[in-house]
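Number of protein chains: 2
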Amino acid sequence: MSVGPQLFEDIDGVRAYVRKCQAAGESVGIVPTMGALHEGHLSLVRASTAATTRTVVTIFVNPTQFSPDEDLASYPRTLEADLNALSGLAVDAVFHPGPEEMYPDGDALIHVVPSVLDKNLCGLVRPGHFRGVCTVVAKLFNIIPADQAFFGRKDAQQAAILKRMANDLNFPIRINICPIVREADGLAMSSRNKYLNSDERMQAVALSRALAKGKQVIADGEQSSASVIKVMRDCLAEFVLVQPEYVSIVDFDTFVDAETIGPSCLAALAAQVGPARLIDNMQVNGVTGECEM
Amino acid sequence: MSVGPQLFEDIDGVRAYVRKCQAAGESVGIVPTMGALHEGHLSLVRASTAATTRTVVTIFVNPTQFSPDEDLASYPRTLEADLNALSGLAVDAVFHPGPEEMYPDGDALIHVVPSVLDKNLCGLVRPGHFRGVCTVVAKLFNIIPADQAFFGRKDAQQAAILKRMANDLNFPIRINICPIVREADGLAMSSRNKYLNSDERMQAVALSRALAKGKQVIADGEQSSASVIKVMRDCLAEFVLVQPEYVSIVDFDTFVDAETIGPSCLAALAAQVGPARLIDNMQVNGVTGECEM
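Protein chains in written order, with my numbering: chain A, 1 to 293; chain B, 1001 to 1293.
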């Protein structure tokens, strides 16, 4: 019965649509994505449609969060498949601007910058990445003044930074962080999994397996982060196609390295698997198996 | 007939008020100030009440735009006089939060940062100042989702940066830059003029007089910025209580030093006069005597 979401490519159009919805008393959820939608994204969409009366999915491969040596050019752009994937859900609108609509003057000159929370993990190895993320999400929040936003917990550092941004800058929006969705073998879903050939895909299970091993030794009583990290690194080393980038245990509030296992620790890792840089994380000292935000 | 503006000290209260006005079809103007209101501020208020149906004046001495060696502690706080000054105008609400309402966790961790436009003039001599300004104004725009905002042209660099911020981050607000209001002798109105004793007050005319002299030699045909700056510095040097900080001619779009006088040049200067750091600026190559933004 659904006619599918309404597609907007211009800022004025989607903003007018959202304002009209809100003037009619509707609540609006926004799900910011870079497209190449997978089941992880769709879980965010379902969370939004359950919590609000109108859901807007944004699809924009944001150039300013890629460094020059990263995969901006090859990042999958699959608009038709994305719209098909959304057509079965109760999505009301898709905002799919071109770069020139979002950055008419080239990159923004005024940026939103995390001064903390970005000094470790992805923030450390991808300088400028979270500046690009914060800036584009601030722009999206201003373009689409939604009541709630939905982000995935796979990008735990991003989620924490954006939650903090909304708080610190008083964006009138509720930030929801939703659980990681995994493949049957444990691989966290990611648009970049598309880059993997079949051998790489099989070995990509290394990330979630290393996290699970770390969690297990902590459950068995290990208190030293260095020892847990060694267990995780040893696990990754069994996979010849996997090149670890960082393997860390951090405090979940600050994203600073934790020397000993505390009540709010997050294990997080990044690795290159063939052409794909993949990340994953897991709460290692709790009963839920997922971090709370 | 006016009962005076409604006073809000909390974010939720003023936000609900503004949303209620907008839901009723009203347009809202915001005039962000640090209080100690003078005729310059009141001109912004009049511009707002003329252009919108509801005007909110914010009064908040923002600690994060002061460096440790600046005058945060002594900056004049004159709420009662400010409310009296506003009572004769058609101001609907005043937002006067405490620092703990605006920064409940201490300073914000996520900042809005100008990456350009701040490398000269006040941005050069007051590191972090415009980061503090942009961050607090972004917060205010999110707290009070006004349709229009009004800033004074005396703070030309601030005005240009905030206009650029609204543009780059897609704040759905129109930024209006209003003319400098001057005392009879030419001194630009400023809350910091209160710091001046009578001798200092008399000599403070040096700033506007130097700008006028620079404008005159340009009108007489001078094309070299260095020569014009020397004329302005020589003028300032006649006033023994005036210690120049910067004396510059900049391109108005970029705030970069202009070597020769072009069609969009701004002369800007800062000087210490007794306990007061004062600034002023003037369009030096146009017929209006004031810059356009």
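Heads up, a few of these hints could be off.
Stated by the list, open to error - FRET-style restraints, in silico, Cβ to Cβ:
(1) A:Asp251 x B:Gly1262: 52 to 62 Å
(2) A:Ser227 x B:Lys1020: 21 to 31 Å
(3) A:Leu72 x B:Glu1100: 50 to 60 Å
(4) A:Asp69 x B:Ala1219: 50 to 60 Å
(5) A:Thr254 x B:Ser1264: 42 to 52 Å
Since the hints were made in silico from the structure, they are not lab data. Note that the Cβ used here is the ideal one computed from N, Cα and C, for glycine as well.
A quick look at each hint next to the structure:
no.: 1; hint: A:Asp251 x B:Gly1262: 52 to 62 Å; result: holds (53 Å)
no.: 2; hint: A:Ser227 x B:Lys1020: 21 to 31 Å; result: violated (58 Å)
no.: 3; hint: A:Leu72 x B:Glu1100: 50 to 60 Å; result: violated (42 Å)
no.: 4; hint: A:Asp69 x B:Ala1219: 50 to 60 Å; result: holds (53 Å)
no.: 5; hint: A:Thr254 x B:Ser1264: 42 to 52 Å; result: holds (46 Å)
Of the numbered hints listed earlier, those contradicted by the structure are 2, 3.
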